[in-house]
Amino acid sequence: MEILQYTVRKLISGIPLVLGVTLISFLLMVYFGPDKTYELLGKNPTAQEIAEVRTQLGYDQPFLVRYVDYLRELVTLEFGNSDSTGEDVASLLARTIPISLALTGPGFVLGNLLGVLLALFAAFYRSTWVDKAIMASAVVGMSISFLIVIIAFQIIFASSYGLGWFPVRGWSVHSFGDYLSYVAVPTMAMVFVALGYNTRFYRSVLVEEMTRDHVRTARAFGVPPAKLFYKNILKNSMIPIITRVVFSIPLVIISGSLLIESYFGIPGVGKITYDAIISGDQPVLKAVVGLTAILFVLAQLLTDILYRAVDPRISLK
Amino acid sequence: MSARLPRAAPAPSVLALLAIGLSIGGCGGTGDDKDTPPRTPGSRGPAGLKVYRHAMDQAPTSLDPVQAANVYANFVVLNAYDTLFAYKYLARPFELKTNLAADWPEISADGLTYTIRIKPGVRFIDDPAFADGVGREVVAEDFVYSIKRHFDPKTRPQGAWLWINRIVGLDEWKAAGSDYAAEIAGLRALDTHTIRIQLTKPYPQLLFTLAMGFSAVVPREAVAYHGREFAVHPVGSGPFRLTSYDTSQVVFERNPRFRPEPVDIAFEGYDEAQHGFSGVAAIDGRSPPFLDRLEISFIAESSARWSSFTKGDEVQYTSIPNEHVDEVLATKQPVTLKPAFAEKYHFFAGVEAGFIFNAFNMDFPEFGYNDDPERERRNKALRCAINKAYSWEQRNESFYMGLGNIFPGIIVPVSPEFDPGLSRDSVTRDVAGARKLLADNGWTPENLPPLVYGANSSVSSRLIFEQFRAWMKEIGYPREKIILKRFATFGDISRAWKQSQLPYVSKGWGLDFPDAENTLQLFYGPNSSPGSNDANYRDPEYDRLYELSSTMLPSPERTAIYQRMNRMLIDDCVANTGLARTRIYLWHKNVIAIPDREIIGGFFLRYVDIVDASTGTVKGGAR
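Read top to bottom, the protein sequences are chains W and P.
Note that this note's numbering has the first sequence beginning at 1, numbered continuously upward.
Note that this note's numbering has the second sequence beginning at 1, numbered continuously upward.
Please keep in mind that the hints were generated in silico from the structure rather than gathered at the bench.
For every residue, glycine included, the Cβ atom is placed at its ideal position computed from N, Cα and C.
It is possible that some hints are incorrect.
Distance windows between CB atoms, simulated [said to hold, decoys possible]: (1) W:Ile-278 <-> P:Gly-508: 15 to 21 Å; (2) P:Glu-480 <-> W:Leu-23: 36 to 42 Å; (3) P:Thr-200 <-> W:Tyr-59: 31 to 37 Å; (4) W:Ile-278 <-> P:Ala-131: 50 to 56 Å; (5) W:Arg-54 <-> P:Gly-285: 49 to 55 Å; (6) P:Val-325 <-> W:Ser-137: 54 to 60 Å; (7) W:Val-310 <-> P:Gln-499: 32 to 38 Å; (8) P:Glu-374 <-> W:Ile-278: 52 to 58 Å; (9) W:Leu-114 <-> P:Glu-393: 52 to 58 Å; (10) P:Lys-485 <-> W:Leu-23: 56 to 62 Å; (11) P:Asp-57 <-> W:Leu-17: 37 to 43 Å.
Coverage of chain W stretches by chain P, computed from C-beta distances (three or more under 8 Å per stretch; other residues unrestricted) [unchecked claim]: (12) 38 to 44; (13) 112 to 118; (14) 133 to 139; (15) 267 to 278.
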């Protein structure tokens, strides 16, 4: 009951956040975003045709009317059709989001799990060559441009110039085997880059926890290292870890990975979003921004509930 | 955009789908689930399918013919839909032939009335839009409806400019509210297979427009059924039917109902010396399409496109990225491949049907028309000086690997009216001459006007600008007076052109049909902004000649007028022009094709065939 009440309270308190995000983003779209009109015109347009396109796009409506329409669309989840392709936006997202999830999911999970694992090693062997080697590798991963990593991995693992083990690009997935072959190189690229950031973050969290009094006391009492790490360090470090992981989820779901999807020819939501941004496809952008804001509210809620699960001292009141 | 998805997923399903997406529901992919062939080009998979995997550098945004405005959309649309006319596969210069039209039109003596009969028995593909889901016969009224759609603002059309003020009653029909039930005097179906078009004045390019994707024939009930999603759900009578479509790929399968029309390779322009290497003679006497499955991948990143092509089993066709030109080519003039590549791939090198150029906006009194005749005379000298300082040779070397074709004026090399003997002075750099011209006309670094150069935000555009600024500096134009104005998107820079906000317009133009009228109209006064005349050039004599030639059939007299107009533009220094790029395409040797997309668009794909690796032959294809 406590959780239910908290959930309702939290969802209500999330409304101003959603309103704020949608208002600011819609202001940016309308007044600073690309003007779609001139992409939808023929080669030799007349002034009348320009006016007709603007009417079709709703650009001739007052801002307030358009924003209220946006809110209505957000409530009904009926975002209309893409101004670029004409496809129903709900269908578009329903088709692309699962692909992006399937694409980024393994990299996201592996990047975090391996990050925690390497951070544990680095923290346990703090200031030794193991720690230094892991941290040096992390810095390397963070320092190389994602674009370079993608191209290099594509050449090394997929092209005829390299090993040629995996498809260079595409997403013709009809079996689990296909899925593994298409997702392997993107996952390796994502993990390579994410590992650097994750390892550094998690190590600092773990090191801070290791220096606490209760850990030193437990060690003095002769608690075995494995138990010490699991029960006294890892569990107590879970709050920042949960925060980082859960708040990454909305971006993984909605934003996908633009570079990965572009270079590997994967029809996910990241590419759709990017195309919508550069072409000013407002129905798609409105849906993506609005849903991302809602997901952040839900992520915040989930985070609070998980805090309580890992630390019973935390109250949801 | 997948055609296999339900027509309109209920909106409330979005959040649920977000949750479902946490599984690997995305594994559905974009292809056909049952009979996706193995990635071994040239061989037959278990299902014995012939598959061709094409690559393009951009994706079309819409597959609705009324929005087939760019080469990518036009390329794809022509495979799903039929047009009345088409271009012969191999004939160069380009030649029209009948396609859905049963024969050439009967044209009245005054050139104003066209009567066109269409082939009987041609059927649209099966679609839920039709009664019982079975495609019905294509009738003349479908063509009438398809052209009407360009004059209905609700369809967001992009091709009306081809027929505006040309067809009796069509503009009035739009002004009256685009009521499809209303008849148009100049656009009628006389019976189920006969179309009558009445023109307001002779329009020699009319048949060219009826070979463009814009004029493709669509069924009214499919447009009504699919609504705006018709743009991702093509229902045509072309050689292929859509299987799936998304941002990375479009997949077609053979239209089993496509009319059997055996290819006469000689009629199509086959020349053994020119085309023999490709093996296209093997399609003679057979009815296209020859492929069971056609996949067109949209790969913007050149490195990915190249890797995919050279992998051998992903895409079978590509252009050569600039960074690989030296690796692949043995010589550039003429284009030949190094042995390692010649052994594996066929290639085609041809001049693009279009060009790149820069034009002054004559509405800017600093460079163009001016109330003061003396200043206007000096402005012309300034434009000519900038033109003399412009180095097409350097631009060609820097950005087009020295493969471009530099030519004077705006009649491009692929136009039949191109004059190879025209003086090249206007495209030959002359720094001393430019300096003298400035000095003789009183231009000094102090009084030269600021020149705002509009460009998109790409790195190459920035580099082209910097090169331009360096050339201007050489003739004494202060560096700070050559100003770059950047635009994030094509829509933004297009708005600046259409609103006449830039004094210097740098752009490219792709020919819609092989007739110099298509480029000469770029400087026709009534086409001024927001029309295609971004230079806002208005010369009464030029306009008179344009109007005179616009009703003339191809003839030496018309060519002479075109060339005179071309010289007027050169003499007025209204534009720095131009360069037509050389297109070099590579394709795998198991693919039988001449994949030249210039003007023809994607029409050639119906003629593509695949060698059976097991027998080394092409026999036993789809038909």
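Against the structure, the hints come out as follows:
The supplied range of 15 to 21 Å is met by W:Ile-278 and P:Gly-508, whose beta-carbon atoms lie about 19 Å from each other. In this structure the supplied range 36 to 42 Å holds for P:Glu-480 paired with W:Leu-23, their Cβ-Cβ distance being about 40 Å. For P:Thr-200 and W:Tyr-59, the hinted distance range of 31 to 37 Å is satisfied, since their beta carbons lie about 32 Å from each other. One distance hint, 50 to 56 Å for the beta-carbon pair W:Ile-278 and P:Ala-131, is violated here, with the actual separation near 42 Å.
Between W:Arg-54 and P:Gly-285 the CB atoms are about 53 Å apart, so this pair conforms to the stated range of 49 to 55 Å. Separation of P:Val-325 from W:Ser-137 is about 37 Å and departs from the stated range, judged on CB atoms against 54 to 60 Å. Distance hint check for W:Val-310 and P:Gln-499: the Cβ-Cβ separation is about 59 Å, which falls outside the suggested range of 32 to 38 Å. Separated by about 46 Å at the C-beta atoms, P:Glu-374 and W:Ile-278 break the suggested range of 52 to 58 Å.
Under the hint 52 to 58 Å, the C-beta atoms of W:Leu-114 and P:Glu-393, about 54 Å apart, fit the expected range. A hinted range of 56 to 62 Å is violated for the C-beta pair P:Lys-485 and W:Leu-23, which are about 30 Å apart. Judged by the Cβ atoms, the range 37 to 43 Å given for P:Asp-57 and W:Leu-17 holds: they are separated by roughly 41 Å. Here's how the stretch 38 to 44 of chain W fares: 7 of its residues keep a CB closer than 8 Å to some CB of chain P, so the rule of at least three is met and the hint holds.
Counting residues of the stretch 112 to 118 of chain W whose CB lies closer than 8 Å to any CB of chain P gives 0, so the stated coverage by that chain is violated, three being the minimum. Remark: the stretch 133 to 139 of chain W is not confirmed as covered by chain P, as 0 of its residues place a Cβ nearer than 8 Å to a Cβ of that chain, below the required three. Against chain P, the stretch 267 to 278 of chain W contributes 6 residues with a C-beta closer than 8 Å to a partner C-beta. That satisfies the three-residue criterion, and the hint holds.
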